[in-house]
Amino acid sequence: MTRLRLMPLLLVALCAAAFGFAGTAAATPATATNALNAPTNDECFKCHGSADVKGETIDVKGVQKTIYVDRAIYEQSRHGKLACTSCHLGFTSGPHDAEQTQNWLATAKIGACRECHADVFEMYRGSFHGNLVFGESSGEAPVCADCHEAHNIMPPESQEFRAQIDTLCANCHADALETYLDSYHGKAFYLGEIQTAVCTDCHGGHRILAPSDPNSSVNEANLIQTCGECHPGANDNFVQFMVHVNPKSPSSSFLVWTFYMAYVLLIAVVFTFGFVHSGLYIYRGFKDGLYKRNHH
Amino acid sequence: MASTSETITEQPTTEVVRPKKQVRTRIEYRRFNVFHRWMHFLVFCSFTVLVFTGMPLKYKDTAWAQWFMDLFGGVTAAGVYHRIAAIVTVFYWTAEMLVMVIMVLKARGKLKSRIPLFFNGKDLQDVIGMFAWFFGRGPKPQFDRYTYWEKFDYLSLVAGTVIIGMTGFMMWFPLEFTKVLPGYWLNVALVIHSNEALLAMGVIFIFVHFFSAHLKPESFPLDKVIFTGSLPVDHYKAERPLEYARRVREGTLDEVLIERRITWKTYAADVVWWTITLIAGVSALMMTAFIIWSVFD
Ligand code: HEM
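So the protein lines, in turn, are chains L and X.
Okay, so the first sequence: first residue is 8 according to my numbering, each after it adds one.
Okay, so the second sequence: first residue is 75 according to my numbering, each after it adds one.
Hint data in this document are derived by calculation from the structure and do not stem from the laboratory.
What you were told as hints is all true, and nothing was included just to trick you.
Here are the in silico distance ranges between beta carbons for each label pair:
| hint | chain 1 | residue 1 | chain 2 | residue 2 | range |
| --- | --- | --- | --- | --- | --- |
| 1 | L | 65 | X | 237 | 52 to 62 angstroms |
| 2 | L | 95 | X | 158 | 48 to 58 angstroms |
| 3 | X | 110 | L | 299 | 26 to 36 angstroms |
| 4 | L | 58 | X | 369 | 41 to 51 angstroms |
| 5 | X | 178 | L | 269 | 24 to 34 angstroms |
Here chain X is said to cover these stretches of chain L; the calculated rule only asks that three of the stretch's residues, wherever they fall, bring their Cβ under 8 angstroms from a Cβ of chain X:
| hint | segment |
| --- | --- |
| 6 | 245-257 |
| 7 | 273-279 |
Idealized CB from N, CA, C, for every residue including glycine.
With the hints as constraints, model all of the structure from the sequences given.
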């Protein structure tokens, strides 16, 4: 069902991608200079695009990953016309020397992106996650390629990209994910309604900041605008709705917890009484032979 | 008591055969009129839709939740059905309240004796009496028109509908609602709506229908009276002796006795009632099982 609905959107996305190539051409000169003597993608695909290397894996930060790159997927992505070496700087065709294979990851995941997406990079750098990456803290935070699949860059407004946004944050923000999924937006998203609010609609992708930061999209002062994108007419009262609230924890919201517990208790009492009453009634009915006597 | 049973035995036989026309008729006791039965039909339809479009949201993690949502054509579509059924709910609730108000106005002062759905002192005695009977410590209490559990079902549904309806409309119109109160009441509304729905579903599916209409000895295996409206007099007499006696005493028995023609249509209708019950029963059982399963999963 979902797949059928996605088809037209996919087509639109593909067309958009095709038109985007015009833009790619404009952006390539930067790479073109060092690309003069750089190997072409064909050369890289000779090894990395061949089905033979599918089984060959390398260790990337403790995870085994195949060195196979699917050419069809790569070429229909937003980066389809980009040289491999625009992210894998210094790689040559043929067996790679240690210099190439040692410190390539950070470059590929964020360093290279910076060259072409300077505006986004600046925004990201100023964000909470960016601070973690570039600041003193050694906290593990997502960089560009954690959210944008390295070889399958999708237009961010595409349905495919939207549908997996919650998984981007899931590993590191399990609590926030759970409370989000317990709210109406999250329930609807979980059950396939991806037009509803997802994490990055409220928090942004690159300008994620702590709620206490006055520049944060989820700061009290900015919520009217953030929610207002989809709820025109949102006012001060409306934005006091709590997106991340755990009814089972009194420290999350005492008010909500009180109502939750009251209902748990009420349900327990009513259901227990009901079961005992019905059970005893049936038992006595059998004992007194009432079931045999009835005329229905 | 003794005089009551005397009056009962004086009644004419309930089954009359008319040889001339060859149409079998039966004197029946009319328990529910057309209004009652239409009411029940509306409650039945809207409640089922509300439960089936609402519960998948509450239990979103389960496989059946996704299955139902796909069946309805997505969360948004299910939300539309939920809202249509909600409007039906508002309609029947209002109609019922109007009728009740008229009844109360007509009864003027004699509320307790005239409005059989209100709790009164006897209900408390009946609860105690029933538990005594369950444990073999006394006779089964005799009931008037409605037993205490029927009153409880009715009144909790009437009150529950107000609660669930109000919280539902809050979530339906969050922007309008927050013109009045701060948004965190919407979080409260969801908790109330969601749990009140579970409570209502439990009471209606399990205790009213599985128990009252099918499992308890007087009804087993199926009490069709809410569909047919009437039931054989002697059966009614056994089930609600006090109401019967009261009517005899007050001379109002004739108002509720009808002559029912027993034709092939009667049996055809029976098949329909059984089919409806079976389908509704199986789906209700399914939903109950799903929920119990996901709670303990
Ligand atoms: C009478 C008026 C009612 C209104 C206006 C109403 C409205 C709503 C609304 C707006 C939602 C939010 C989800 C959505 O947009 O689809 C909802 C959820 C829900 N409704 Fe209702 N509803 C009503 C009655 C009922 C009844 C009678 C039941 C079941 C017995 C029910 C069961 C549910 C459930 C289980 C949910 C999901 C709650 C959750 O996410 O945990 N509703 N309702």
